[in-house]
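Enquirer: Sequence:
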Amino acid sequence: MRFLSLLFCLFLPLLTCFELHASELGVWQKNEAAIKLFNQHQFGQALELLLEADREQPSNSVIRKNIAAGYLGTGQQQIQAGDYENAAELLQRGKQYNDQNSRLWLARGIALMRNGSFAEAESEFNEAWAMSGDEPQVLQHLGRLYYDTDRMLKQ
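Just so you know, we're using numbering that gives the first Met the number 0 here: the sequence shown kicks off at 0 and counts up by one.
No lab work stands behind these hints, which were simulated from the structure alone.
Everything numeric in this text was worked out from a predicted model, so none of it was measured.
Hints are supplied without guarantee of correctness; some may be wrong.
To be verified - 27 angstroms max Cα-Cα, derived DSS-like pairs, lysine-lysine:
(1) LYS94 - LYS35
(2) LYS94 - LYS64
(3) LYS64 - LYS35
Please construct the entire structure, taking both the sequences and the accompanying hints into account.
Expert: Shown next as structure tokens:
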């Protein structure tokens, strides 16, 4: 019996370390599963897994960038479905997780423009332009906005 007590005392710290490691593995397993779901265009389900992983490790930059990508994918799906208001809201949430991803600003600008919120859309496009430089897609949508609002310069 003393032997078992001694063994327990010796291995308790190892078991505690294993628990912490298992928790971390759970986060990475969720991340890997989310990436597989991304590849299948199941962004909503991937986002659920990533948000759960973020609750477990809130300062994990990889998880946070993937959450932003999940919001981007979900937002783009909402744009395709014609739900521009919901898309704009989802894309705004994504910016909270990765404020360096110009595609979030671009996609939100598209959603706002299609919803008729031209001033807000212009702001989003300009921010995306500032982040990405002369990215053709950003400039194309900004030009489209100017055209749709009769702001093209006539020469």
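Enquirer: Take the hints in turn and mark each one as holding or not.
Expert: Here's how the hints hold up against the structure:
1. Distance restraint check for LYS94 and LYS35: the Cα-Cα separation of roughly 22 angstroms lies within the 27 angstroms cut-off, and the hinted pair is therefore satisfied.
2. For a cut-off of 27 angstroms, the pair hint linking LYS94 to LYS64 stands: about 10 angstroms separates their Cα positions.
3. About 16 angstroms separates the Cα atoms of LYS64 and LYS35, which keeps this hinted pair within 27 angstroms; it holds.
In summary, this structure violates none of the numbered hints.
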